[in-house]
Structure formats: C-alpha cells, structure tokens
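Visitor: First to last, the sequence lines map onto chains A and B.
Under my numbering, think of the first position of the first sequence as 1, with each following residue one higher.
Under my numbering, think of the first position of the second sequence as 1, with each following residue one higher.
Accuracy of the hints is not assured; some may be wrong.
[What the hints assert, rightly or not] Have a look at the derived ranges for each label pair, beta carbon to beta carbon: (1) A:D37 <-> B:R178: 15 to 23 angstroms; (2) A:R63 <-> B:A587: 30 to 38 angstroms; (3) B:P168 <-> A:R495: 53 to 61 angstroms; (4) B:D454 <-> A:P77: 16 to 24 angstroms; (5) A:E182 <-> B:T321: 14 to 22 angstroms; (6) B:T321 <-> A:D184: 32 to 40 angstroms; (7) B:P547 <-> A:A461: 32 to 40 angstroms; (8) A:H320 <-> B:D507: 34 to 42 angstroms; (9) B:R63 <-> A:I502: 48 to 56 angstroms; (10) B:H254 <-> A:H320: 21 to 29 angstroms.
[Unchecked claim] Covered stretches of chain B, as calculated for chain A (at least 3 residues, CB under 8 angstroms): (11) 334-346; (12) 415-425.
[What the hints assert, rightly or not] Some residues of chain B that are not near chain A, with every Cβ distance over 12 angstroms (derived): (13) A170; (14) L540; (15) E588.
The set of hints was computed from the structure by calculation and includes no laboratory data.
These numbers come from a predicted model, not from an experiment.
Just so it is clear, CB atoms sit at the ideal spot from N, CA and C, and this is done for glycine as well.
There are 2 protein chains.
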Amino acid sequence: MSTAYQAPLAAQRLAIDQACRATGLGAQPAVAETLRDVADAVLEGAARFAGEVLSPLNPIGDRSASRHDAGRVITPPGFPDAYRRFWSDGWTSLGAPPEYGGQGLPLVVSAAATEMWAGANLSFAMCPEVAVGAIEALRVHGSPALRGAWLPHLVRGDWTASMCLTEPQAGSDLSTLRTRAEPDGDTWRLFGRKIYISWGDHDLADNIVHLVLARARGAPEGTRGLSLFLVPKRLPDPAGGGPANDVDVLSLEHKMGIRASPTCALALGERVGARGWLVGELNSGLACMFTMMNHMRLGVGLHSLGLAERALQLAREHAHTRRQGRTAAGADRPIIEHADVRRMLLTMKALVHAARGLCYTAAASIDLAHGAADGAARSRAANAAGLLTPLVKAWCSDLAVEVASLGVQIHGGMGYIDDCEASQIYRDARIGPIFEGTNYIQAQDLLGRKVLRDRGATLEALIADIERSADTLPLGEHGLGMLRTQLARGCLGLRRATRILIDRDGDDPNLLGAIGHHFLQWLGTLAGGWQWALTAAAALPGAARDPQARALVDTASFYAAHVLPRAGMHEAIVNRGAGPVTDAALAEL
Amino acid sequence: MSTAYQAPLAAQRLAIDQACRATGLGAQPAVAETLRDVADAVLEGAARFAGEVLSPLNPIGDRSASRHDAGRVITPPGFPDAYRRFWSDGWTSLGAPPEYGGQGLPLVVSAAATEMWAGANLSFAMCPEVAVGAIEALRVHGSPALRGAWLPHLVRGDWTASMCLTEPQAGSDLSTLRTRAEPDGDTWRLFGRKIYISWGDHDLADNIVHLVLARARGAPEGTRGLSLFLVPKRLPDPAGGGPANDVDVLSLEHKMGIRASPTCALALGERVGARGWLVGELNSGLACMFTMMNHMRLGVGLHSLGLAERALQLAREHAHTRRQGRTAAGADRPIIEHADVRRMLLTMKALVHAARGLCYTAAASIDLAHGAADGAARSRAANAAGLLTPLVKAWCSDLAVEVASLGVQIHGGMGYIDDCEASQIYRDARIGPIFEGTNYIQAQDLLGRKVLRDRGATLEALIADIERSADTLPLGEHGLGMLRTQLARGCLGLRRATRILIDRDGDDPNLLGAIGHHFLQWLGTLAGGWQWALTAAAALPGAARDPQARALVDTASFYAAHVLPRAGMHEAIVNRGAGPVTDAALAEL
Numbered sequence: 001m002s003t004a005y006q007a008p009l010a011a012q013r014l015a016i017d018q019a020c021r022a023t024g025l026g027a028q029p030a031v032a033e034t035l036r037d038v039a040d041a042v043l044e045g046a047a048r049f050a051g052e053v054l055s056p057l058n059p060i061g062d063r064s065a066s067r068h069d070a071g072r073v074i075t076p077p078g079f080p081d082a083y084r085r086f087w088s089d090g091w092t093s094l095g096a097p098p099e100y101g102g103q104g105l106p107l108v109v110s111a112a113a114t115e116m117w118a119g120a121n122l123s124f125a126m127c128p129e130v131a132v133g134a135i136e137a138l139r140v141h142g143s144p145a146l147r148g149a150w151l152p153h154l155v156r157g158d159w160t161a162s163m164c165l166t167e168p169q170a171g172s173d174l175s176t177l178r179t180r181a182e183p184d185g186d187t188w189r190l191f192g193r194k195i196y197i198s199w200g201d202h203d204l205a206d207n208i209v210h211l212v213l214a215r216a217r218g219a220p221e222g223t224r225g226l227s228l229f230l231v232p233k234r235l236p237d238p239a240g241g242g243p244a245n246d247v248d249v250l251s252l253e254h255k256m257g258i259r260a261s262p263t264c265a266l267a268l269g270e271r272v273g274a275r276g277w278l279v280g281e282l283n284s285g286l287a288c289m290f291t292m293m294n295h296m297r298l299g300v301g302l303h304s305l306g307l308a309e310r311a312l313q314l315a316r317e318h319a320h321t322r323r324q325g326r327t328a329a330g331a332d333r334p335i336i337e338h339a340d341v342r343r344m345l346l347t348m349k350a351l352v353h354a355a356r357g358l359c360y361t362a363a364a365s366i367d368l369a370h371g372a373a374d375g376a377a378r379s380r381a382a383n384a385a386g387l388l389t390p391l392v393k394a395w396c397s398d399l400a401v402e403v404a405s406l407g408v409q410i411h412g413g414m415g416y417i418d419d420c421e422a423s424q425i426y427r428d429a430r431i432g433p434i435f436e437g438t439n440y441i442q443a444q445d446l447l448g449r450k451v452l453r454d455r456g457a458t459l460e461a462l463i464a465d466i467e468r469s470a471d472t473l474p475l476g477e478h479g480l481g482m483l484r485t486q487l488a489r490g491c492l493g494l495r496r497a498t499r500i501l502i503d504r505d506g507d508d509p510n511l512l513g514a515i516g517h518h519f520l521q522w523l524g525t526l527a528g529g530w531q532w533a534l535t536a537a538a539a540l541p542g543a544a545r546d547p548q549a550r551a552l553v554d555t556a557s558f559y560a561a562h563v564l565p566r567a568g569m570h571e572a573i574v575n576r577g578a579g580p581v582t583d584a585a586l587a588e589l
Numbered sequence: 001m002s003t004a005y006q007a008p009l010a011a012q013r014l015a016i017d018q019a020c021r022a023t024g025l026g027a028q029p030a031v032a033e034t035l036r037d038v039a040d041a042v043l044e045g046a047a048r049f050a051g052e053v054l055s056p057l058n059p060i061g062d063r064s065a066s067r068h069d070a071g072r073v074i075t076p077p078g079f080p081d082a083y084r085r086f087w088s089d090g091w092t093s094l095g096a097p098p099e100y101g102g103q104g105l106p107l108v109v110s111a112a113a114t115e116m117w118a119g120a121n122l123s124f125a126m127c128p129e130v131a132v133g134a135i136e137a138l139r140v141h142g143s144p145a146l147r148g149a150w151l152p153h154l155v156r157g158d159w160t161a162s163m164c165l166t167e168p169q170a171g172s173d174l175s176t177l178r179t180r181a182e183p184d185g186d187t188w189r190l191f192g193r194k195i196y197i198s199w200g201d202h203d204l205a206d207n208i209v210h211l212v213l214a215r216a217r218g219a220p221e222g223t224r225g226l227s228l229f230l231v232p233k234r235l236p237d238p239a240g241g242g243p244a245n246d247v248d249v250l251s252l253e254h255k256m257g258i259r260a261s262p263t264c265a266l267a268l269g270e271r272v273g274a275r276g277w278l279v280g281e282l283n284s285g286l287a288c289m290f291t292m293m294n295h296m297r298l299g300v301g302l303h304s305l306g307l308a309e310r311a312l313q314l315a316r317e318h319a320h321t322r323r324q325g326r327t328a329a330g331a332d333r334p335i336i337e338h339a340d341v342r343r344m345l346l347t348m349k350a351l352v353h354a355a356r357g358l359c360y361t362a363a364a365s366i367d368l369a370h371g372a373a374d375g376a377a378r379s380r381a382a383n384a385a386g387l388l389t390p391l392v393k394a395w396c397s398d399l400a401v402e403v404a405s406l407g408v409q410i411h412g413g414m415g416y417i418d419d420c421e422a423s424q425i426y427r428d429a430r431i432g433p434i435f436e437g438t439n440y441i442q443a444q445d446l447l448g449r450k451v452l453r454d455r456g457a458t459l460e461a462l463i464a465d466i467e468r469s470a471d472t473l474p475l476g477e478h479g480l481g482m483l484r485t486q487l488a489r490g491c492l493g494l495r496r497a498t499r500i501l502i503d504r505d506g507d508d509p510n511l512l513g514a515i516g517h518h519f520l521q522w523l524g525t526l527a528g529g530w531q532w533a534l535t536a537a538a539a540l541p542g543a544a545r546d547p548q549a550r551a552l553v554d555t556a557s558f559y560a561a562h563v564l565p566r567a568g569m570h571e572a573i574v575n576r577g578a579g580p581v582t583d584a585a586l587a588e589l
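One chain only, chain A, in its complex shape:
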C-alpha cells in the first residue's frame, strides 16, 4: 500500500507567489492581505482534508465504481459521507462570491485546493468543480431571482451541479443539438437526451442543478439557436425536498478511469417535460455555457496537474523503497539510484512544476481580469487568461498522461496491477485530453481565436514575458545558461512562425487544424520553460547553501536539457505547414 496523498504545500505556495509576482496580482492590497494572513491556513486545512478524507477513498472508488440501480445512482462507500464533510467544512465556497455566502478567495488560492482534491481523488474532485463553474455561469448570466434561489445552495454545497451539453449525435459539434425547450408560462419544458454527464446523478446531495443547452421552440438552426436552461433534479420548494423534476437517469458508462464519478445518460421530459428556467438571454446559450466551460477547462488543467503530482509522489515513494540491482560493491540499492529511473522522475518533476506554474498563472490572470483597478489592465489580463485557458487545458492534460505513464513505468510490473494506485492514475488521466472540449478543440481555440484574431498581440505579450524571464538568467554553458539560450531561441522561432501564420490566415482552411496541436505543444513547452526561468532566477541566490533551492536550479537545468528540445521538434513540424497532413488522399487513409 502506498501512503496517502500529501499536498505539495511548499511547491504550491511557491507557484502561487510566483504567479502573483509575474502577473502583478500580488500588488493588489486585498490579495496581498489574503496571501499574508489566510492562504497558508486554508491550504493546510485543504491538505489535511485531501490527505485524510479523500485520498483513502480513491482506490475504493476505483474498485467499486458508481452504479445505477433502479433509477438511482449509488456512489462508492464513503463518498456520501466525505461529501457531507466537504461542504460542511466550507470547501465548496472557497472562491465563491461573498454575497451568496462564499469566502471570496482569489482563484489563484482556491486553484491550489482544486489541485489537491484531484491529486487525492479525481472522481470526487470533479463533483464540486462543476458546481464552481455553474456558480460562475449563474452569477454572470442568471437573473436576480435565479441567483437568489440557487446560488446559496450551490455555494454552500448542499446542492451540486451538472453541465449538460453532449448528445449522441453532437459531441465536439454543438450545432446539431436536438434537446428542445417549450415555453410554459414563465418557465420552460425541456425534452431530449444528454450523454456523458459527469455527476449527472448521485447520492451525495439533495438536489442537482443541471445547466442544459437546448433549442427553444422556433429558434434558429446551429449554435445561434441554443439557449441555456437551469433544470433542477428536484423542483424548488421552500420547505426543502421538492418534487422530482422530469429527469431520469438512463444508464451509467463503464469507463477506463474516474470510475467513482458517475457519467450519466439523462432523459429530460420523458413524461410532462423537465421544468427549466432560462439562464441569460434567449439564443445566447453558447456564451453562457462558455462562462462555465472556460472555468471547467482551467479545472481540467488543475485536475491534470493534481494527477501528475500524485503520480510523481507514488513513483518517488516506490523509487526510494523498491530495491533492485546492485552497486559495484554488491549491495542492493533502491531503484532511484538507477540513472534511467532518475531521468523519469526528473522528467515528471520538471513537467509537474511547469504545469503548476502555468495553471496558477492562468488563475491569477482571471483574478486580475476581474479585480484589476484600471480597465486596460483588466482587459490585458482577460486576454492573457483567454490565451492561457486552452493552453493549460490541453498541455497539462497531455502532460498528465505522459507523467502518469512514466509513473507506471517506474513501478515496473506492479504498475500494471489494479491494486497499484499508479495504474489508476494512468487510467484516470486519460480522460483529460478528451472532455470539456478535446485537445484538438483547444488547439483550434488557441490558434484561431486567441492568437490569430488579435493578430498575435496577446501572444506577443506572453512571448515578451518569456524573453524577459530568460534574460534574468546567467549566461554560459551550464544548465541555466542553456535554459536562457533555448528560451530566447524558441521565442524568436515562435514569433516568426506566428507572423507567417497571421499572414497566411485564410489561405488554407486546413492550416490551423493541421498544425494546431504542434503549435499548442510548442507554446506549452516554452511557457513551461518560462515558469522554470522564473523559479530558477529566484532560487539561484540561495542555491549554494540551501539544498532545496539547489534542487530547483538543477530541475530547471534538466527541463532545459530534456524537455525544451521538444520545442525544436514542434517548431520544425509547424513550419512545414499543412501540406504533410492534407496532401494525403482521404480515401487512402
């Protein structure tokens, strides 16, 4: 048995402070006060909850899975109790608005807690994460009446939420959604089927707030005819425990991972129609949903980060305790002494730190987009957050799969056995690149909407940040000098390639699709190097006397030596353009 998840508090605090410095968020008095007075206590409390309550349930959830029995969803043993403690202890309300009972912490702090929930138990973590997204969507788009009725419960956490988009014929392409809404007085009646609804039903809470994308009667075809509706599992009743709405669970999916998280097929309106309330304007459902979706995408990044951190913990523990092979003197030795095991661990460590830096920077940018004093700063931060969101979602989720796979490899044969949590992490991690918009969708969003639409302006600001951070590193042939040189070279290449893409934009409809993946991976690799440059520059002065600072410098050097060479690979592929992908005849594929 491996030890329980242990939140990497020092690394998380470092990343929070780094993100606050890099974005300027830390200069806000209210944030500075929170970081000084509150953050550590919150994170230590969250760490205890994650390690003591959620982590022990993780293998149980994998073995038992949620199940569907006579129309009800039953979560694995221990999950309902853990969730009751979770919301009773206030963990659902960390970042929520105070006017609805929330604690109003900056996202950059609550993000660290989100990472912990996922590192300890991804299946569990997904449930409150949907609610945070729903809170945001309702806060921004909901009428005062809707907000007053539903937000306090969602913030308190005694009710949860779900996001209902996908239908069998409509996955990545929402334009073909068929669920329809008929007006019925002040409210609506919804009819349709939704699939892949995470935590779409369960036994953790009394009510579930489904946010459902549907087409009102008479609305136009395509995505412009979609509206967002709030469809509760139970109808509101001032006395509590209102009557069931017309929402049925048809089935649960049996999945490779996140097996405790019930993935539901829901039927709305099999009888009289599921009663719903319009959220936001009619036919503006996609915009409302994207408020929630953007939050979920950062959430996937944070969850992937948590999984990758957990994979690292498990691999590190195994590498220090498992003995195999001999020293020259014949003594058996822990496998961490084998250079390839060290290479794998360092790769994991270097990637996890880079991912954490990027995730928290995205969170800090969102905080700044809401809270900066002047409008220009808010706008800049919003653009940065917009750029970082698809990057964090896709780069970190791909990275978590890689890190989890290295974790399995370090475990050897044990890593392939169900009892080994490293095996579970590997299976759990594979959903990240798929859901909340596949990583292809993220790459299209990044390159199409976030880079080309403003003709590279927001990206240029990020590139300039990376360059400035590289310039603070010492010159030379040593590790940090290589980090400096390679980041500078990578930024030049990225700027050049982006310029060419902007000039060619529109020439070839397939260009973005053909190179989007490698463009995103390229940017992620360089942005991860940026995070390491920031960390190494801060750690370098203390590295001679402090082994932990020394380790940060060494891992930054490792990132330069073993991870940054990927940038050149992605650059070469991007610069070849669409031809290699689109020249091939479809019929022969």
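Assemble chain B onto chain A, guided by the hints.
Guide: Using the frame of chain A, we list chain B on its own:
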C-alpha cells in the same frame, strides 16, 4: 460495435518482401520458394483465423478476464475452444523445426502471423508465443531426451509453456533469485515462488511446460549460479495425463489490460518439491533463458505492432463513419475531414509501417543468422539481430502506447468507455514497455552490449544501410527530399554521438543509464525512417498512376515532416550527456 480485426495482408506482404530484400534473405532459394509458393496461402489462412476466431473473443476476454477458482485457472468463455482449433489447424507449428513436427517456415513469415494473433487478441496471442520461445530454448539447449519428450507436444501445441523468472524480490535484477533446486537422482526437486507468470496456468491444454530459472544447491550467488529447469505441470506418462507435479497456482493478478491472459503467482515445491529436468549446463541458466528471452523480446515487438495496427484499424473506421462538424456548405462530415484527425491517423499509419518494417527486418536477420550459407554472413546477421532485438522490443512497445493513445483520442468520449475496443487496446498496450525486460533494460542492452561492446561496428553497418536507402530518394524540397536530407543528417549525428560515447565509455558509470532511453528512441526514429525510405523508393515509380503507391509516398513524406523531427530532439538530449540526470541530488528527488 466495431468490425473484426482484418489482417493488413498487403502491407504485411510488402514488409516481408522489403525485409527479405534489405537483408538479402530473399536470395536464399528455399526462402524464395516459400515466399513464392506458400507464404500468401499461410498468411491468408492466418488472417481468417485471426479475424473470425480470435478477434470476436477479444472484448469477451477483456470483460470476463481469466479467474482463479479452487486452485484452477478458468479462461474466458470461448478461449479453450479457440485454442483447440488454433493448434489443430497447425498454427503453433508454423516456424517450428520439421524434425519435431514443425513446418519450418522462415521467421519473417511466421512473424506476420504472430502480428495477426496479437492484433486480433493479445491475451490469446501471448500463450502460443511463450511456447515458441520455449521450443527455441529446448531445441538449442535441451538434451536429446528432453527434446524428444517435450518438443513434439509443444510444436503440435497440445501442450503450452511458461517462462518463470520473476520473484517478488527479483524483477529486473535476476541475481537475487531464491528458487532452489535439489538434486534427486537424474532429476531435480524445485522449491520457490514465482510471480508474473503469463499463462502459468490455464484450461487450454493438458500440460504446461514451465521453464524455471533457479539456483542449484551449492551454486554461486548472483546470476552465475542460475540454472534453467524444465518443470511440467503434469509429470510425463506415456499413456498421457500423468500425475500432477508439485506446482500450485497461488493467485492471479488483476490487471489494467491483457485481462484474459492469466498472470499467475506459482508456488513450486509446497509438498515434496516440484520435479524438474535441467536444461543445458548447470549454472548456465541465464544463457539458456536468454535464447527464450530474445525470442520473447521480438515477440513483444510483434505484439505491439499488432496492437498498433488494430488501434489504427479501429480509429480509421471511426474516423470515416463518425460525423461531427460541418463543411462550409453546411453538410455534416465524417471526422476524417478534420485536419487534426487526419494528422493523428497519419501519425499512427506512419509509425505502424515503420514498426512493421523493423520487426520483420529483425525476424529476417534471425532467419539469416541461422540459414545463411557462409559463416561471416551468419555472424553479421546475428549481430544485426542482436542490435535490432532490444530496439524492436522497446521502440515498438513505446510506439504502440502512443498509437493506442491516438486511437483513443480519435474516438473522443467513446474511447474512454469500456465497450470500445480502442480503450482495451490502450490498456493492453501498456504492458509492452514493462515486461520481458523493461524498456530501460532494453536501452542498456542496446547501448552497452550491442553498440559499445563491438565499438560501434554493428551499429555502423545499420547506419550505412540507412544512408544507402536515403541516397536512393530524389533530392529536393518535397517530402521525399526532406526524408533523404533528414535521414542523412540524422545518421551523421548518430555516428558522431556514438563515437563520443565509445571514447567516453567507462568514464561515467551512469552515462548509459542517463541517455540510453533517448539513444534508443533516436535510433528507432531513424531506423523507422529507413523503412520508409525503402518503401518510398519502391513506390515512387508507380505513384503517378496507382493511388496506393501514391499514399505510400505521401505517408513517407509525412513521416519525414512529423516524426523525424523527433530525431533532433533525442540527439540534443543524448549530446548533453549524463549531467542533467545525475547532477540532481538523490535526496531532493
């Protein structure tokens, strides 16, 4: 439901012919005759068996798994019947020596059948594969009496085999094995416990021939004290169905994948000692085992190839039928029209073909090492096979994980559901980099034993082959010109890096461990390009009129554009040496 596995007969035949040309094996009259008269019929028969019998059982095996009940192992429904048909139809004896009832086909032909078994049903395929390795070990090392008693059954296939190496304390490091053998007249009594024994017990056959690595009484410590013993499940009885030997199944592992393949923990000698017969010389067990192990490593390469091919088939079928997104005219379109889906499919296709070329080339080299007319040619071929074996094992198994993951991604949410065979392939593929020597062990073997020991001579022959093939491609800025240039550049870099490694050999005990992985991946990437160069050169003349030849040229160009850039990444990492890995303090990892 996806369609059944369909053996890629044309691609396999192309790869067989290419390997026979590249190695010179095809010039042997007996081989030429086999290729002309027999190979197609054999492969078509194998394709039918794989598609009609094995493939339908694959999802059943995943769902049901083998189970352990009252000391017996029960395989999933349909497996015992399928195995009976498998050996009755002669599939176990394809490559086996005619003097024991085998068909004596070249390995390069039987390898294609091996690929099929795994592509259709990896769990099943593992069972006969162990027997082929055991046949080889007994043929080379067994006494006439042992060969006479056991080989006819193994060749016929009514008995199967297992390879018993690992013990709880001894995985990659066999020097600490504790299973002991006590002499008992002409035979031995074995005592010990073995774990991770694939097909170590089952209900497919009347008897199982365990080849067990153990330490004879009084033997030295370490690997030099290991001997190989043949320990049958049932003792020989001329009348058949002899008494049970003292071998018990303690448990089966519950695994991420290959769930129909029973992975057993075996206890030998819980009562009187398990009766065994010495194979080969006393204390030369490791050498005997390596005859088998080398076969198994090529087997992992072929099995990984089969899985990757199957992942490609499933993804291709899904991409052509699943509709998502719209054309500019508003028509819905199959997802293969999305450029990123094409990119993923082309990556899978480019890698699968490269893997097949390398696997079959390794097989042809082994054929040549046994059958070439003159001793120098045999020796050259044996060296080539020795170099290619760890390369094929590690590169193809890592590649299969990547290809299977791309297959999941193309399936979107469905790829994460247990019912989807793409999900099973992904889980099945993850064992490849772990067993039969982890890919770290392969990298050490490749660089230490196969490259440095002969001071790069064998590698240089391979590099020269790659260069010659690149030189046959047209010059220019088009795809094949890029393939030519990049292969040439990669070969120069690899030769230079190898020279430095040879010069530094011994300076740093950690060097091979620190860079072995990237050296192997680098060589694999270039050798894969070599296979594409051979294919493209042959296809180019017909490309203007034949769409399939055109597709081969296009996919070769894609390999140059999207896969070969990895070579530069691995080169950069290798050239940094051990420092980035070994500078980091162990205590801080």
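Visitor: Look at each hint and say if it fits the structure.
Guide: Status of the hints after comparison with the structure:
1. A:D37 <-> B:R178: 15 to 23 angstroms: Given about 58 angstroms between the Cβ atoms, the range is violated.
2. A:R63 <-> B:A587: 30 to 38 angstroms: Once the Cβ atoms are compared, 35 angstroms apart, the range 30 to 38 angstroms for B:A587 and A:R63 holds.
3. B:P168 <-> A:R495: 53 to 61 angstroms: Distance hint for B:P168, A:R495 holds at roughly 55 angstroms.
4. B:D454 <-> A:P77: 16 to 24 angstroms: violated (60 angstroms)
5. A:E182 <-> B:T321: 14 to 22 angstroms: violated (33 angstroms)
6. B:T321 <-> A:D184: 32 to 40 angstroms: holds (38 angstroms)
7. B:P547 <-> A:A461: 32 to 40 angstroms: Violated, since B:P547 and A:A461 (Cβ atoms, about 47 angstroms apart) do not stay within the stated range.
8. A:H320 <-> B:D507: 34 to 42 angstroms: violated (27 angstroms)
9. B:R63 <-> A:I502: 48 to 56 angstroms: 51 angstroms Cβ-Cβ, so the 48 to 56 angstroms window holds.
10. B:H254 <-> A:H320: 21 to 29 angstroms: Between B:H254 and A:H320, where Cβ atoms are some 26 angstroms apart, the hint holds.
11. 334-346: holds (count 10)
12. 415-425: Per the Cβ count (6), the hint holds.
13. A170: For B:A170, whose nearest Cβ neighbour in chain A is about 8 angstroms away, the distance does not exceed 12 angstroms, so it is violated.
14. L540: Non-interface label stands for B:L540: nearest chain A Cβ at 15 angstroms, farther than 12 angstroms.
15. E588: violated (4 angstroms)
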